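Peer 1: Residue-level listing of the chains:
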Amino acid sequence: GQNIDQPTEMTATEGAIVQINCTYQTSGFNGLFWYQQHAGEAPTFLSYNVLDGLEEKGRFSSFLSRSKGYSYLLLKELQMKDSASYLCAVRANAGKSTFGDGTTLTVKP
Amino acid sequence: DTEVTQTPKHLVMGMTNKKSLKCEQHMGHRAMYWYKQKAKKPPELMFVYSYEKLSINESVPSRFSPECPNSSLLNLHLHALQPEDSALYLCASSQTPPGGGGDIQYFGAGTRLSVL
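So the sequences go chain by chain: A and B. Quick note on the working numbering: the first sequence kicks off at 2 and runs consecutively. Quick note on the working numbering: the second sequence kicks off at 312 and runs consecutively.
For reference, chain A alone in the conformation it holds in the complex (with noise of 0.2 Å):
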C-alpha cells in the first residue's frame, strides 16, 4: 500500500516563497506529481518528477528525493490567484496514482 503525507493547511503572504513538503511511503515507487486544485474546479497538472533532484517551471519547482520519500513544491512570487489546494500524487510500479489529502494553500496581501 501507500501512505502519504502532507500538511493541511498553509497560509504565506502575496510576493512571499513557498514550500509544501509531501512524504510517502510506497513499495515500488515510479514516479511523483503535483497538482493544483482550486474549490470547485479540476485539478490542473503543474510538475512532475521521476529521478532525484529539482524541476523549475516558471514560478513553480518541485524537488524530489527517492531515498528520503520525500518531495516538495515550491512556489515563488505569490500571488493571490497561487490560493488553492496542491495535491501530491505517487505512481507505483503497478502503474497507479493514489493522491495525498492536499495542502490548502491561503495568499494574504
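It should be emphasised that the hints constitute simulated quantities derived from the structure, not laboratory data. Just to be clear, a hint being listed does not mean it is correct.
Stated by the list, open to error - Mimicking DSS-like on lysine-lysine, the simulated pairs with C-alpha atoms at most 25 Å apart in a straight line are:
no.	chain 1	residue 1	chain 2	residue 2
1	A	Lys97	B	Lys349
2	A	Lys82	B	Lys349
3	B	Lys364	A	Lys97
Note that the coordinates shown come from a computational prediction; the quantities given were computed from them, not determined experimentally.
Given the coordinates of chain A, assemble chain B onto it according to the supplied hints.
Peer 2: Leaving out everything else, chain B in the frame of chain A:
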C-alpha cells in the same frame, strides 16, 4: 486542445433513478479515468480504461457501471445510488495508460452529483 469535457455539470437524482455521466476528450489519449471526490478530500480512483478496455476497477459497487464506447468517450452509468454517493465525479485522460511515460492526467471540470 487539452480539454476534457464532462456533462452534465450538475445532476440531482433520486435513489431509484438511472442516469449517466459523460466524458469526452479529443487529444488522442489512450487511457481514461473516473474519480470520485468528496469535499476537502483528494480524488479517489474508481476505474481506468486503457485502450478502451477496463484495466483497473477499485472494487467499486456495481451500482456504478463504466462504459467506454470508443477511444474518445467514457460513460459512467448510475443506478440505485445512495445519498452517500453524492460527490464530485471527475473524469481524466492520459496519453498512455498508468505507468507509461505519458500518464500525466488531464481532468475535466467534473459533475457535481446529489443523490436524494
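Peer 1: Now tell me if each hint is right for this structure.
Peer 2: Going down the list of hints, with the structure as the test:
1. Of the supplied pair hints, the one linking Lys97 (chain A) and Lys349 (chain B) holds, its CA atoms being roughly 20 Å apart against a limit of 25 Å.
2. Of the supplied pair hints, the one linking Lys82 (chain A) and Lys349 (chain B) holds, its CA atoms being roughly 23 Å apart against a limit of 25 Å.
3. Between the alpha carbons of Lys364 (chain B) and Lys97 (chain A) the distance comes to roughly 16 Å, so the proposed pair stays at or under 25 Å and holds.
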